Amino acid sequence: MPDIQNIMDQYHDLPFLIQLAWALSGVLSIAIVLLTIYLKIIRSYLRKKAQHHLAYKNKYEIFLVEYLYSGNDDGSLSDTQQTIIKKLKTSVKNKAKRKVIISILYKLMNEVSGEMSDYIKTLYHETGLINFAIDRLYNKNWYIAAKGIGELTRFNIEDVNEKVSEYALHPRREVRNEAHLYLVNLFRFEGLEFLNNLKTPLSEWAQVQLLETLQKFDDQQICDIKPWLRSSNNSVVLFALKLAKIYNQFEVQDTLMELLNHENKTVRIASIEVLTNLYGLEAKEMLKANFKDLSLEEQISFFEMLEKLVIPSDEPFIEKHLFHKNFEIQLLALKILKSINLDKFMAIDKKSNHKKANPEILKFVKST
Amino acid sequence: MSKKIVLAEDNTTLSLLLKFRLEKEGYELFMAADGKEAIELINTNSPDLILTDIMMPFVSGLEVISHVRIKLDLDIPIIVFSSAGQEEMVLKAFNIGANDFMGKPFSPNELIIRIKRLLI
Chain A
1 MPDIQNIMDQ YHDLPFLIQL AWALSGVLSI AIVLLTIYLK IIRSYLRKKA QHHLAYKNKY
61 EIFLVEYLYS GNDDGSLSDT QQTIIKKLKT SVKNKAKRKV IISILYKLMN EVSGEMSDYI
121 KTLYHETGLI NFAIDRLYNK NWYIAAKGIG ELTRFNIEDV NEKVSEYALH PRREVRNEAH
181 LYLVNLFRFE GLEFLNNLKT PLSEWAQVQL LETLQKFDDQ QICDIKPWLR SSNNSVVLFA
241 LKLAKIYNQF EVQDTLMELL NHENKTVRIA SIEVLTNLYG LEAKEMLKAN FKDLSLEEQI
301 SFFEMLEKLV IPSDEPFIEK HLFHKNFEIQ LLALKILKSI NLDKFMAIDK KSNHKKANPE
361 ILKFVKST
Chain B
369 MSKKIVLAED NTTLSLLLKF RLEKEGYELF MAADGKEAIE LINTNSPDLI LTDIMMPFVS
429 GLEVISHVRI KLDLDIPIIV FSSAGQEEMV LKAFNIGAND FMGKPFSPNE LIIRIKRLLI
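These protein sequence lines are chains A and B, in that order.
Just so we're aligned, residue 1 is where the first sequence starts under the numbering used here, counting upward by one.
Just so we're aligned, residue 369 is where the second sequence starts under the numbering used here, counting upward by one.
Think of the hints as simulated: they come from the structure by calculation, not from any bench.
Any given hint could turn out to be false.
[Said to hold, decoys possible] Using 16 Å as the maximum straight-line C-alpha spacing, the simulated EDC-like pairs for lysine to aspartate or glutamate come out as follows:
id, chain 1, residue 1, chain 2, residue 2
1, B, 472, A, 115
2, B, 387, A, 66
3, A, 216, B, 455
4, A, 107, B, 378
5, B, 387, A, 61
6, B, 392, A, 251
[To be verified] Simulated DEER-style distance windows between Cβ atoms:
id, chain 1, residue 1, chain 2, residue 2, range
7, A, 196, B, 413, 38 to 48 Å
8, B, 481, A, 342, 50 to 60 Å
9, A, 59, B, 480, 24 to 34 Å
10, A, 140, B, 480, 19 to 29 Å
11, A, 209, B, 380, 37 to 47 Å
12, B, 380, A, 261, 54 to 64 Å
13, B, 464, A, 261, 45 to 55 Å
14, A, 224, B, 408, 55 to 65 Å
15, A, 89, B, 414, 53 to 63 Å
16, A, 203, B, 480, 50 to 60 Å
17, A, 339, B, 414, 19 to 29 Å
18, A, 224, B, 464, 43 to 53 Å
19, B, 408, A, 140, 46 to 56 Å
Computed from a predicted model, the values in this text were never measured in an experiment.
By construction, the Cβ of each residue, glycine as well, lies at the ideal position given by its N, Cα and C atoms.
Turn these sequences into a full structure, and let the hints guide you.
Set out below in structure tokens:
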């Protein structure tokens with residue numbers, strides 16, 4: 001006690017700044033000790049959790065493998081399978097166990113097909129896991145609803161189609177994307193009906209995901225895309241243009257021609273690209289006639305179209321733009337001329353003293 | 369004597385599923401969770417066939433194939449598993465000596481048929 005008293009006396013005699021430094025050191029030391037203890041507790045908790053997770057995983061993996069290989073020849077559930085379902089039904093009530101079971105099934109759905117994936121879907125239904133996913137749809141947190149939709153997509157649950165369709169127009173982009181993927185994964189082209197009412201933008205990434213999903217199906221019978229090409233939502237129009245290009249929609253050429261006068265430049269450019277792909281000769285003549293009124297980007301797209309659809313009668317037009325102020329148009333014009341009239345192209349040297357002529361482009365085209 | 373198969377797959381559930389099925393068919397199975405373990409198992413067990421996933425931690429399936437074909441100079445059949453979007457990797461796998469491939473998701477029954485065909 002006298003020692004502590006002595007220390008306290010000495011502390012009080014110290015200048016204020018030194019006292020403050022000592023006080024801070026003391027507080028920080030206590031904080032470090034407390035945080036170290038806290039960290040130890042957290043680490044030990046996480047280790048235990050990981051151990052439990054691993055133990056559950058090992059246990060349920062064996063159950064699952066046994067379940068998958070013990071089916072009856074007629075496809076009905078055997079007694080062993082019924083017993084396993086009963087056991088798992090009890091386990092899924094525990095959140096931690098449910099998470100492990102779902103993650104095993106989820107991974108396996110990506111790896112196996114055929115009757116095994118059918119058995120997994122049956123297990124998902126029979127154990128009541130489906131009900132937990134459906135409950136998630138009604139959760140007030142958007143991210144939980146989105147995860148629920150993702151899970152229902154993975155296990156191809158068609159029964160909740162009406163409820164999920166409501167989320168196709170959800171204010172949160174993440175939820176909408178999950179709902180769109182659900183609809184397309186399960187109902188293919190018919191699932192794209194949500195595009196009729198979509199007012200929000202469909203991001204480029206969402207479009208890529210939808211196209212990728214559509215392409216994995218064997219049945220590539222596409223539905224009528226005209227309503228989407230006429231949508232007031234530009235992202236829907238752009239998506240429909242991608243569909244027209246990928247699925248060679250020659251029957252929508254007239255609608256594509258209308259899009260050449262669309263108010264949005266990106267749509268107009270994408271339409272030129274699709275028409276190029278669909279050999280839109282009529283569009284080519286129309287664009288050629290209105291070339292001066294086109295924006296520079298459209299003019300470049302048009303020259304890219306010409307590169308593919310050029311015919312000898314286009315030569316005067318190309319010659320007129322051989323020394324266009326734009327690098328890309330000049331390059332394309334030279335390339336096109338070289339492809340349709342080599343003699344004329346080789347004679348260009350004489351004319352190349354034109355003030356806008358780029359000798360490097362000419363040299364490059366000659367060498368290719 | 370049963371034929372030996374090395375299975376390199378990082379999804380433990382799938383490994384277990386295939387092990388169960390292949391052992392039932394009479395094969396002796398050695399499981400590796402990554403390419404590094406697979407190379408060790410191949411070196412020590414001289415398998416008759418190798419099943420390998422393309423994307424694995426530490427050492428990829430492609431490296432496993434090149435180890436077998438170039439370093440060990442072995443002619444044993446190799447089947448690779450690939451997921452969607454790995455088409456280029458599959459081509460590379462064939463270029464360096466893979467014999468067959470199965471795109472995920474696949475049917476284990478179909479895999480058995482392919483294994484039997486390669487081990488005739």
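Taking the hints in turn, this is what the structure says about them:
1. B:472 / A:115: Holds, at about 14 Å.
2. B:387 / A:66: holds, 12 Å
3. A:216 / B:455: This hinted pair holds, its Cα atoms lying about 14 Å apart.
4. A:107 / B:378: holds, 11 Å
5. B:387 / A:61: holds, 12 Å
6. B:392 / A:251: violated, 55 Å
7. A:196 / B:413: 38 to 48 Å: violated, 60 Å
8. B:481 / A:342: 50 to 60 Å: Given range 50 to 60 Å: holds, Cβ gap about 56 Å.
9. A:59 / B:480: 24 to 34 Å: Since residue 59 of chain A and residue 480 of chain B have Cβ atoms about 27 Å apart, the given range 24 to 34 Å holds.
10. A:140 / B:480: 19 to 29 Å: violated, 48 Å
11. A:209 / B:380: 37 to 47 Å: This hint is violated: roughly 28 Å between Cβ atoms.
12. B:380 / A:261: 54 to 64 Å: Roughly 58 Å apart at Cβ, these two residues keep to the hinted range, so it holds.
13. B:464 / A:261: 45 to 55 Å: With Cβ atoms ~53 Å apart, the hint holds.
14. A:224 / B:408: 55 to 65 Å: Roughly 58 Å apart at Cβ, these two residues keep to the hinted range, so it holds.
15. A:89 / B:414: 53 to 63 Å: For residue 414 of chain B against residue 89 of chain A, whose Cβ atoms are near 45 Å apart, the range 53 to 63 Å is violated.
16. A:203 / B:480: 50 to 60 Å: Violated: the Cβ-Cβ distance is about 43 Å, outside 50 to 60 Å.
17. A:339 / B:414: 19 to 29 Å: violated, 59 Å
18. A:224 / B:464: 43 to 53 Å: holds, 47 Å
19. B:408 / A:140: 46 to 56 Å: Roughly 51 Å apart at Cβ, these two residues keep to the hinted range, so it holds.
When each numbered hint is compared with the structure, violations occur for hints 6, 7, 10, 11, 15, 16, 17.
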